[in-house]
Amino acid sequence: MKQFLGFIKKEFYHIFRDPRTLLVLFGIPVAQLLIFGYVVTTEVKNISVAILDRSKDDVTREITQKIIESDYFTLTQNLQSDTQIEEVFKTGNIKEVIVFEPNFAQKLGRDGTAQIQLIADASDANTANLIVNYTSAIISDYVQKQNKLQLMPMQIKPEVRMVFNESLQSVYMFVPGTMALILMLVSAMMTSISIAREKELGTMEVLLVSPLKPAQIIIGKVIPYVALAFINAVTIIVLGNLIFGMPVNGSLTLLLAESLLFISLALSLGILISTIAKTQQVAMFISLFALMLPTIMLSGFIFPIENMPVVLQMISHIMPPKYFIIIIKNIMIKGTGFGFVWKETLVLIAMMMVFILLSVKKFKIRLQ
Amino acid sequence: MTNKPIIKVENLVKKFGNFVANDHLNFEVYEGEIFGFLGANGAGKTTAIRILCGLSTPTSGNLNVAGFDIYKQTELIKRNIGYMSQKFSLYENLTLKENIRFYAGIYGLSSKEINKRMDNLLETLKIGDLRDKLIGSLPLGWKQKLAFSVAIFHRPRIVFLDEPTGGVDPITRRQFWDLIYQAANDGITIFVTTHYMDEAEYCDRVSIMVDGRIEALDTPAGLKKTYKVSNMDEVFLKLARAS
Amino acid sequence: MRTIGIIIRKEFIQIFRDKTMLPIIIVMPFVQLLVLVFAATFEMKQINMVIVDQDQSASSRRLISKFEGSPFFTIDGSTFSDEQANDELLAGRSDIILKIPNGFEKNLVSGEVSDVQLLVNAINATVAGLTNAYSNYVIADFNKQMISENVNIIQPVKLKSVDVTYSYWYNPELNYKIYMLPGILVILITIIGAFLAALNIVREKEMGTIEQINVTPVQKFQFITGKLVPFWIIAMFELGFGLTLGKIIFDIPIVGNLGVLFGFAGVYLLVALGLGLLVSTMASTQQQVMFIIFFFLLTFIMMSGIFTPVESMPDWAQKVNIINPFAYFMRVIRMVLLKGSGFRDISREFFSLLIYAAIILSLAVWRYRKTA
Chain A
1 MKQFLGFIKK EFYHIFRDPR TLLVLFGIPV AQLLIFGYVV TTEVKNISVA ILDRSKDDVT
61 REITQKIIES DYFTLTQNLQ SDTQIEEVFK TGNIKEVIVF EPNFAQKLGR DGTAQIQLIA
121 DASDANTANL IVNYTSAIIS DYVQKQNKLQ LMPMQIKPEV RMVFNESLQS VYMFVPGTMA
181 LILMLVSAMM TSISIAREKE LGTMEVLLVS PLKPAQIIIG KVIPYVALAF INAVTIIVLG
241 NLIFGMPVNG SLTLLLAESL LFISLALSLG ILISTIAKTQ QVAMFISLFA LMLPTIMLSG
301 FIFPIENMPV VLQMISHIMP PKYFIIIIKN IMIKGTGFGF VWKETLVLIA MMMVFILLSV
361 KKFKIRLQ
Chain B
1 MTNKPIIKVE NLVKKFGNFV ANDHLNFEVY EGEIFGFLGA NGAGKTTAIR ILCGLSTPTS
61 GNLNVAGFDI YKQTELIKRN IGYMSQKFSL YENLTLKENI RFYAGIYGLS SKEINKRMDN
121 LLETLKIGDL RDKLIGSLPL GWKQKLAFSV AIFHRPRIVF LDEPTGGVDP ITRRQFWDLI
181 YQAANDGITI FVTTHYMDEA EYCDRVSIMV DGRIEALDTP AGLKKTYKVS NMDEVFLKLA
241 RAS
Chain C
1 MRTIGIIIRK EFIQIFRDKT MLPIIIVMPF VQLLVLVFAA TFEMKQINMV IVDQDQSASS
61 RRLISKFEGS PFFTIDGSTF SDEQANDELL AGRSDIILKI PNGFEKNLVS GEVSDVQLLV
121 NAINATVAGL TNAYSNYVIA DFNKQMISEN VNIIQPVKLK SVDVTYSYWY NPELNYKIYM
181 LPGILVILIT IIGAFLAALN IVREKEMGTI EQINVTPVQK FQFITGKLVP FWIIAMFELG
241 FGLTLGKIIF DIPIVGNLGV LFGFAGVYLL VALGLGLLVS TMASTQQQVM FIIFFFLLTF
301 IMMSGIFTPV ESMPDWAQKV NIINPFAYFM RVIRMVLLKG SGFRDISREF FSLLIYAAII
361 LSLAVWRYRK TA
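Protein chains in written order, with my numbering: chain A, 1 to 368; chain B, 1 to 243; chain C, 1 to 372.
Be aware that one or more of the hints could be misleading.
Restricting the straight-line Cα-Cα distance to at most 30 Å, the calculated cross-link-like pairs of lysine-lysine (DSSO-like) are [to be verified]: (1) A:Lys-362 x C:Lys-45; (2) B:Lys-133 x B:Lys-116; (3) A:Lys-199 x B:Lys-97; (4) C:Lys-45 x A:Lys-145; (5) C:Lys-370 x C:Lys-45; (6) C:Lys-99 x A:Lys-157; (7) A:Lys-199 x B:Lys-143; (8) A:Lys-334 x C:Lys-99; (9) B:Lys-87 x A:Lys-9; (10) A:Lys-278 x B:Lys-97; (11) B:Lys-97 x C:Lys-177; (12) C:Lys-319 x B:Lys-97; (13) A:Lys-362 x A:Lys-334; (14) C:Lys-247 x A:Lys-66; (15) C:Lys-19 x B:Lys-87; (16) A:Lys-199 x B:Lys-145; (17) B:Lys-87 x C:Lys-66; (18) A:Lys-278 x B:Lys-116.
Beyond 10 Å from chain C on every Cβ pair, some chain B residues (computed) [unchecked claim]: (19) Thr-57; (20) Glu-75; (21) Lys-78; (22) Arg-79; (23) Glu-92; (24) Leu-94; (25) Glu-98; (26) Gly-105; (27) Lys-143; (28) Ala-221; (29) Glu-234.
To be clear, the hints were calculated from the coordinates, so they are not data collected in a lab. We put the CB at the ideal spot given by N, CA and C, even for glycine.
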């Protein structure tokens, strides 16, 4: 036992000796949280638009004014002819061109109808879709005000409530997502690399002939990373709350316990990777390269799983972060208790057992 | 062997922070000799050898290797020396042939010349069948011998060997020294560090370092005479205890 | 030149000899590319709706059938209890609840405005926004029908209207895959190239072979070039292969000039790999390199505009993107492939990266120490 404690101390020392690594490990959750909070927003803001106004009358100017007054758009250029449209799209900044037909005000007054054409750069289909929707909303808003349209009778007026997230903030998505991403990558990567390192430098053999049991060696190597990853989890919860107002509506204890479970799962995945990888390079490529994009894209973090093709939905069932994200969203946002997340918890435990069993099996084969 | 110095070291000092690894070293190595650089682990041997090879810069002192100044003409020195480090330094995942081609190629040997010398080498060592074996699959003794052969493949004027026989059995060590003698016969100056005192007997002259200083420098016979003992082991123990 | 060639040859032998790394480098990126492109979609396929119909009238059933008729909505339950409906939302089984209050039809036919309630699960704000928009379309459609059926009751008013037409250039079907594929490809080839380059030098340090190279007369720029070129070639090759796959499987448009694209990619990779080498020359263990590169990679990828438009990011983020090589290439590869932008359109990015490459590679050569 004393040897074991000494070994753990050595591992802690090894990690905390290198300030650069430490800075990166503690800096990652903070940086990612800030990036997702401030930078990667799915909201559309300050989109550059160009106007091709063939009429140049009071009404077109007024509509233009309405459009650029909104937060969504900035008027970057006034075009003179059709040929310029292609040109401005190709240089890249302008995402939409708004075209008013000639004699716009006149037609609107005389015929009661006039035409606006919205041309969007749809190479980014999502953004194009949103921009066009926003622009048409602004235009129809303007028209309605012109008509001083009262609510007509025999109509349904829907009253919409955004449940769990009244003001439609993205924080409810990115805090759980960031937490899953960071814990998964950092834990799996750190463990697999540090064990692979001992193998590559030949020091693993030395450890194996020591009186420590193999299980003790592995646990000793993993414990410091459990501590580190747990600090990361707490950092994300605290910062998410202080900076972005992410609540913890459910039990904090349950939240921390689930985080610990997820960390242990990621660490056992890391151990499994290290039994396969002979070098640090291989360990890193598997734990980072193979895990990063799938964790971001197949876990429901950014793209909703329900919208994916069936095959991908099936693949997403084997992605541990998916379950973790469901669990922490439930606890943090909906404030539900263990009764609502026990199934997901069981899945995570089962996955962890599988990783550990496979690792033990691989490890034994190697020793023979 | 001549008395023409090929390495001149005057007042070499190397400090790491407050720690003085080399404390005013003064010595000369003559062209064609086997110069033994002895000392316990941590005495400062590796630090000195790395400085002479241009892998590390001295804190102060005048040093001249193969006629070139160590501060200004480092790259010229590198053309004229070979080095075999303590850490095994052939690529384990390359074959013998590929390792030789790589290192000799960097020294600018032509492919024709490389092939000629390689055939020679394989024949002398009677290891033609090892040519396409991965270095990683060979026993340690062979790895060491091959590392030495690669270090002198480009026929340097001096070769620096840092504990070349660490961890190998006595028979292989003997064979290794045969290779060193052969290289010396071919006119290569040998600068070798070791902490095996029996190997000191094979050298033309030895220096003994204790705690960063050179405490003695003479032929093995001369040293035994000065300290009135029968073997180098005792010379070393006497010096080490004195400090 | 010959020295550089010798280093390059050695690196290639080592890369192709490593039977574990080879599939990771060659197969894994393309498997990921094929799988992940399908995942990247915001298109709504199915919105699960629970109905609480307390009116049980012809009109309420008509509204419900409108929702049933919409391709977006699936009615997967109806109940009379608010609580039960809320539970469905809480458990995440449904995305939206439609509550039709008692007296719905009465209000409607008496000519008043009738209320319905929509409760949207808004944890994912983007999805909630779309859900809301789609349900509003359905309700607007219902309203329109009501007006036209009761046109004799309602006073016809002459209204002004603006006819808005849309055209989506470069991607009329709003296919998101053709936008994501180049982006994912950029990430994959960069991770491979930058990590291989970064781990390479430090690995030689850790193994001790670098000493043997440092005692040779090899020049610093020769060494760095020899370490750069193999990974540059691999990354370029993978870019080509990835685009070929994209063309065959996803039929991504290649509108622009491939010469321009690969020319730009070449310069981009110099920067990405150069950054890797720079980190490698400064670190002493592979572990350090991995953590540092991992940090920058994750940050740079997220800020590059792969998922969200750079223009919507705050000013400071756009300033940070000046040193983010991903941001340049992410933009340019999409411009050239999808819109056919030519060299003139991307020349600013091109020359910026060229200068960037020169700085980074000089730094890497300067930082690489043959003498400790």
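Going down the list of hints, with the structure as the test:
1. Pair hint Lys-362 (chain A) plus Lys-45 (chain C) does not hold up; C-alpha atoms about 42 Å apart against a cutoff of 30 Å.
2. Only pairs whose Cα atoms come within 30 Å are accepted, and Lys-133 (chain B) paired with Lys-116 (chain B) is accepted, the gap being roughly 19 Å.
3. For the proposed pair Lys-199 (chain A) and Lys-97 (chain B), the alpha carbon gap of about 27 Å is at most 30 Å, so the pair holds.
4. The straight-line distance between the Cα atoms of Lys-45 (chain C) and Lys-145 (chain A) is roughly 34 Å, outside the 30 Å bound, and the hint therefore fails.
5. Using a Cα cut-off of 30 Å, the hinted pair Lys-370 (chain C) and Lys-45 (chain C) is violated, with the two alpha carbons roughly 59 Å apart.
6. Straight-line distance between C-alpha atoms of Lys-99 (chain C) and Lys-157 (chain A) comes to about 12 Å, which keeps the hinted pair within the 30 Å bound.
7. Restraint check: the Cα-Cα separation between Lys-199 (chain A) and Lys-143 (chain B) comes to about 20 Å, which is no more than 30 Å; the hinted pair holds.
8. Taken as a hint, the Lys-334 (chain A) and Lys-99 (chain C) pair is honoured in the structure, with Cα atoms around 21 Å apart against an allowance of 30 Å.
9. Our distance criterion of 30 Å between C-alpha atoms is met by Lys-87 (chain B) and Lys-9 (chain A), whose separation comes to about 28 Å.
10. Taking the CA atoms of Lys-278 (chain A) and Lys-97 (chain B), the gap is about 25 Å. The hint holds against a cut of 30 Å.
11. About 49 Å separates the Cα atoms of Lys-97 (chain B) and Lys-177 (chain C), which puts this hinted pair outside 30 Å; it is violated.
12. Only pairs whose Cα atoms come within 30 Å are accepted, and Lys-319 (chain C) paired with Lys-97 (chain B) is rejected, the gap being roughly 51 Å.
13. At most 30 Å may separate the alpha-carbon atoms for a hinted pair to count; Lys-362 (chain A) and Lys-334 (chain A) exceed this at roughly 41 Å.
14. Among the hinted pairs, Lys-247 (chain C) with Lys-66 (chain A) is inconsistent with the structure: their alpha-carbon atoms are about 42 Å apart, more than 30 Å.
15. At most 30 Å may separate the alpha-carbon atoms for a hinted pair to count; Lys-19 (chain C) and Lys-87 (chain B) meet this at roughly 25 Å.
16. Taking the CA atoms of Lys-199 (chain A) and Lys-145 (chain B), the gap is about 26 Å. The hint holds against a cut of 30 Å.
17. For the suggested pair Lys-87 (chain B) and Lys-66 (chain C), the alpha carbons sit about 78 Å apart, so the restraint of at most 30 Å is broken.
18. A distance of roughly 37 Å separates the Cα atoms of Lys-278 (chain A) and Lys-116 (chain B); the hinted pair therefore is violated under the 30 Å criterion.
19. A cut-off of 10 Å between C-beta atoms contradicts the statement that Thr-57 (chain B) is not in contact with chain C; the least separation is 6 Å.
20. Not every beta carbon of chain C lies more than 10 Å from that of Glu-75 (chain B), the smallest distance being close to 5 Å; the non-interface claim is violated.
21. Against the 10 Å criterion, Lys-78 (chain B) falls within the reach of chain C, whose nearest CB is about 4 Å from its own CB.
22. At roughly 5 Å, the least C-beta separation between Arg-79 (chain B) and chain C is not larger than 10 Å, which violates its mark as non-interface.
23. Not every CB of chain C is more than 10 Å from the CB of Glu-92 (chain B) (nearest about 8 Å), against its label as outside the interface.
24. With 10 Å as the threshold on Cβ separation, the claim that Leu-94 (chain B) sits away from chain C is violated: the shortest Cβ distance comes to roughly 6 Å.
25. A beta-carbon of chain C is positioned within 10 Å of the beta-carbon of Glu-98 (chain B); the least distance is around 6 Å.
26. Non-interface call for Gly-105 (chain B) relative to chain C: violated, since the shortest CB-CB distance, roughly 4 Å, does not exceed 10 Å.
27. For Lys-143 (chain B), the shortest C-beta to C-beta distance to chain C comes to about 13 Å, beyond the 10 Å cut-off, and the non-interface label holds.
28. Chain C leaves Ala-221 (chain B) outside its interface by the beta-carbon criterion, the shortest separation being 33 Å against a cut-off of 10 Å.
29. Once the 10 Å rule is applied to beta carbons, Glu-234 (chain B) is consistent with being away from chain C; the minimum gap is 34 Å.
Violated hints, listed in ascending order, are 1, 4, 5, 11, 12, 13, 14, 17, 18, 19, 20, 21, 22, 23, 24, 25, 26; each of the other numbered hints is respected by the structure.
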